[in-house]
Amino acid sequence: MKNLSFNKGRPTCLCIFIFAVLLSNHSNATGLTFRTYTKQLQHQITGTVTDVTGPLPSVTVIVKGTTTSAVTDEKGNFSITANSTDVLIFSFLGYATQEIMVGNQTSIIVILAEDSTQLKEVTINAGYYSVNDKERTGSIARITSKDIETQPVNNVLATMQGRMAGVEITQNTGIAGGGFEIQIRGRNSIRSDGNAPLFIIDGVPYSSEAIGFSGTMSVLNTFTSPLNNLNPGDIQSIEVLKDADATSIYGSRGANGVVLVTTKKGKAGQTTVNVNFSSGVAQVAHFMDLLNTKQYLTVRAEAFQNDGITEYPEGAYDINGTWDPNRYTDWQKKLLGNSAQITNLSAGIQGGSEYTQFLLSSNFNHETTVFPGDYGYKKANVRTSISHQSKDKHFHLDFSGGYTVQHNNQPLADPTLEAITTPPNAPEMYDAQGNINWENNTFENNPARNFLGSSQSQTYDLIANIQLSYKVSQDITLKTSLGYTDLKHHEASVYPYTIYLPNYGLGAESSAIYYNDVARRSWIIEPQLNWKNLWGRLQTDLLGGATFQRQDNEQIAMSALGFAHNSLMNNPAAATYLTVSGNDEFIYKYQALFGRLNLQLDNRYIVNLTGRRDGSSRFGPSNRFAWFGAIGAAWIFSSEDWFVKQDVLSLGKLRASYGITGNDQIGNYQYLDSYGTSGNNYQGIPGLQPSRLYNPDFGWETNKKLEFALETGFLQDKIQFTAGWYRNHSSNQLVGVPMPGTTGFPSLQANLDATVENKGIELTLQTTNIQTKDFSWTTDFNFTSVKNKLLSFPGLENSTYSNQYVIGQPLNIIKLFHYTGLDSQSGIYTFEDINGDGSINSPSDKHVLLNLNPKFYGGVQNQFRYKNWQLDFLLQFVKQDNIDPRKIIGVPGEMGNRSTQILDHWSVPGDSGAVQLYTTGVNSDVESAFFNYAASDAVITDASYIRLKNLQLSYNLPAKWIGNTKCRLYLQGQNLLTFTSFKGPDPEFRAVGTLPPLRILTIGTQISF
Amino acid sequence: MKTKFYKNTMIKASLSLIAILPLMGGCDNFTETGLTPTQLDTNAVFENSSTATAALTDVYARIREASLLSGKNSGTGYRLGLYADELTWYGSTAIQTAFYNNSVLPSTAGLDVMWNNTYSQIYATNAVIVGVAASQTLQESDKQQLIGEALFIRALEHFYLNQLWGEVPYITTTDYRINRIASRVSQAEFNQKLIDDLEQAAQLLPDAYIDIDRVRPNSFAARALLARVYLYAQRWAEAANEASAVLNQTELYVWDTDLSQVFLKDNATTILQLKPRNEGLNTDEASSFYFNSTPTVVSLRLDLIAAFETGDLRLSNWTRKVTNNNGTWYHAYKYKERTNTGSSVEYSKILRLAEQYLIRAEARARQGELIGALEDLNVIRNTAGLGNCLAVSQEEVIQAILKERRVELFTEYGHRFMDLKRYNQLDAALETVKPGWDATNRLLPIAESELSLNPNLKPQNPGY
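So the protein lines, in turn, are chains U and R. Residues in the first sequence are numbered from 1 upward in steps of one, following the numbering used here. Residues in the second sequence are numbered from 1 upward in steps of one, following the numbering used here.
Keep in mind the hints are simulated off the structure, nothing from the lab. Mixed in with the good hints, there may be bad ones.
Below, computed lysine-lysine pairings styled on DSS-like, alpha-carbon distance capped at 30 Å [as the list claims (entries may be wrong)]: (1) U/Lys589 with U/Lys479; (2) U/Lys815 with R/Lys458; (3) U/Lys704 with U/Lys759; (4) R/Lys458 with U/Lys789; (5) U/Lys294 with U/Lys759; (6) R/Lys434 with R/Lys458.
All chains should be modelled from the sequences, with the hints used to inform the complete structure.
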């Protein structure tokens, strides 16, 4: 039972061992000589390894000081050759390692005990190197497959939400295939789109730049993200590098942190087959309270009365009698009320010998939508991993490759906005024959029209890499990492003429399709040299390497307009007009030298130096190269001789780091003065247009990071607590400086002499509360508090940013009017007229600041295990303010449904309602007061929440029922419960009209044999 | 033995380093990428006339697709029609509703787009002027043609900006350091800049059209626009002179008495028109205003229909009456072809001869030359099947011209709104029929974003 959850750690365990053996070699010169004397006494030893519950398969048995090793089989049995003076080491992740002297024994029975202290022996992937967690000098957060597998989600970023200190993740849309935003330690760049971390998958940088195009796949509220290509089930661990010590080796791309994704690898031992099937449903968790027909028509009637309009205009179909005043439709339920079906099936086989291990796996995922109609998202992938080492273990090869196919088919537009705004007495969507009902050309915004068109995408993605390493001597290893990625993406938005009112008299000649095709390829070569040595008490580890990377991107967007018949729409060749609306090709080249020197004295004083010299094709010749570097240090004070041996504090470590990283996320060719094709044509001549405002002299954005942290373990590490403080200064800001329209362009690429500070505290606490044979309870807690601040900005007053930013305030602010209440005589909202000019103007009267950054956030994860039962759940919490969506939907009184919040309103002089008088839109004073209100502090609301983000209940069928087969049944849920005072659809709110994150519930079975 | 061990290690380490170093150093030029096929060096664009022409004619395409002169619902023909008293609105699009209700605000989404697109097109014309002037290889005749056209477009775009937003910056350079802090230009100075650009364009451009379609301006197109600019600047004599310069070209511009012919692409009253995006396609105006059984987005206002005198042939030729059980409506029908006609039939008219008659009529009337004024006015009236104008006094003639302009130029790039403004009759004409009308609506507000990015544009237009 325990095996299952710990199985995944076996390669790591192996690594530790190889590592340990390597290290021990230097100091064991005497052991070597001794062994030669006793060689003739070698004999075969057999035995069994168990824990308190039964046999333990896959335990590594190694003859101390040699490379001779064995692995226990499924019954816990092993066989190994050793001599009587040898010591056997039995190790398995999660258990205390035991050493047993062979002596005269030929048969050995070993009982391993679970050991939480051993978790500290975990090896952390730091990208170019691995570190023992205890000896780590940098700040690295980590989740493993254990955390990922409890979650019924199909996006890798979703699996990290709420589980990592310093990592803020927000879901953009509840539509499957949509993206997530990730921000590590706050926003560094003044550019809103320059804050993405660097993603590295098995050593290969993976571009997270959007692959979408405006006008295609518009159903998602942001461009399609390539990160959906990863299958969470394939992931062994995700490490997030945060401070200078960890990120400086990534130089110009490390400023926003680095996300390292490591996929699962095969394990030596018996070949096992693993099948996992789950299925479930996803639903919108919460709808807004909207007006019913009676309330709505009363509001409308009052609005017309207020406007002095006695005869309802022709276009006011909702109230002038054209539409049935007694009809009522709950449009939210109608358009978003379905249950999306989720199906997930994965199967894999793995195994291998001591020298070669393999893993083959495949996964299929299907998720339909909450919308009416036959829509869905499908993802299928296959993955292979092969590891091999030569008999002398000098040569090592690791290959991993994966191929993913995604198909997404969604409505033309997200119906969420129309679910809110469609009048409650609007007619049926469909007539008796099932055709769209235009209600005699009066129902132009029939939400069903978006189901006649569609948004479709297909993505094909290959990621492969090979790592070859050769041990030149015991100390020196040469290594080369080669990686390749190949992504193809096709998306289309389909606009058949049938989505328009018949009244327009349009035919298939007006049908259109907008295409977007993206091809992205990249390769990387990274030769490296590693030299470890021991100089007396000083242990050194030197790494040097180089990077050559190239990424090619091609994107072509086309529109096909005019067909003889709608049935021909999927064939662009049948279009009357085929126009190329965008064609972009770019090459990104990147080159670097990097190095690391790690010094450890007495295993307690550790200094880690990292550096990188980077060159990127994104900069002009004068600014193409730059240096980055960091120093990190750690002191394990609990290992000091003077540290009194006691039982309370088992680990005490202080660490600090300082260094410089950079950011080059500005797009390509921005330093060139050039023209590009415009996609227009005139007189048959394809147009050329200036690409940008010309500025060749911009350079790197630099980010200086400082961190101090304390890491402690108490009661044999049953309680582990870490506290970190950091301060990042981001300067020489590389900005698309917003330009007024009169310059001809929205922005100019330039370095801005401004500094942004991110300062924060990160706390993590892991406790093993109860640990007995039958019952265990562990808790993981993480907490992050971030303060983002614009420190300096010379000349802000006269700059184009003067109204956007304020020195001393976060970047993520909105300036708002100050609402001073409702004028009880006129019934109109009033605002503070700061400059006293008698009218309310933006920006001069906007002085209230709304900080949209969370004040703090975090998560609490608990795991309970009782015999064969296991319960995991994660509570995520965020403290933040946001805008109340109920108050910004639209002018109360205009056509379109509104929140019930508007009912408490002003109607006659003397009233003191919350909402001003209704208008149909002709009273421009009221209208403009509404828009000022929507941009005032009256709409700020507390959007803090505590959410039962994830829950898993699982049961392992007992071995006495099914023998060697393992079978686990589980129930998983996501976004199950939310505690919040926020009144919109979801406190993780982005914009009115975006489908919120869904509540997911699945059940599944996992079988392995 | 230990020393030897370290020595060996050192040698191996050094050898390995030596093996790797060539890989690492010596190829700093790895990061050179050069241009891809989708990027063309600016200097190269102006080395030959075909790419230089593509840089210029792209601006016409952008005017057609997304400008104040577009025939789509984002153009002035549509939006100023809603804003003044030409169109009735049935739709729900926010920005159109705001125009119709005269409730456009600095924060109205899409307002900035109208401004930004126009200045972006102006940037492109300035880039052509700079690039062509610096070119060592372009022929002198090509240079004159390209710069002349660029100056014409620059003036045309600025003219409309001025009409919508009043005193705004007049942009004549590509230097962002100047343009980002551009200040408003007084009306007098603005007029002079328009006149300078158009005079120079008229000098540089040949009298003959460079193409048979009249889709790029000749010198008379520049003079025709100049006539309008003088008229708006109340420089009557010059307005009359420039209009005459155009009207006198009777070989080039032939008056057509058949109203059904005016908006066809080959009509000889055309001074400048826009070529549709593809051969076979027609104008965007045709579909913008069209409806079949009941109006869904816009129809012509009934007071506009009532403004047509009995027997006015323009009513039957240029509008279409739609009747069903619920009522009767009209839509603009100057352009009739909404679909692909194989070979294009209609082009959008930017400048046409009728306006020149009306300009000269008004310029003459304002100077007291009433006979000449009526003569010009009657050309228009007679073509429409109406009798001569019966106005007698100067004021009557001037007002008769305004009335004539309303029915002649309706839904063409906001003439009605601009005329009422020029005549100082906006309030009188609109207060009664537009519930949301306010005197300060004569100018649109400058978009909030623009004002905050360039404080030199402050103060905001009055009333916002």
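Structure-based check of each hint:
Note on U/Lys589 and U/Lys479: the hinted pairing holds, with a Cα-Cα distance of about 22 Å set against a maximum of 30 Å. Proposed proximity of U/Lys815 and R/Lys458 is supported: the alpha carbons are some 19 Å apart, at most 30 Å. This hinted pair checks out: U/Lys704 and U/Lys759 have alpha carbons roughly 12 Å apart, not beyond 30 Å. For the given pair, R/Lys458 sits about 29 Å from U/Lys789 by alpha-carbon distance, which is consistent with the 30 Å threshold.
Taken as a hint, the U/Lys294 and U/Lys759 pair is broken in the structure, with Cα atoms around 52 Å apart against an allowance of 30 Å. Between R/Lys434 and R/Lys458 the CA atoms are separated by roughly 29 Å; this keeps the pair inside 30 Å, and the hint holds.
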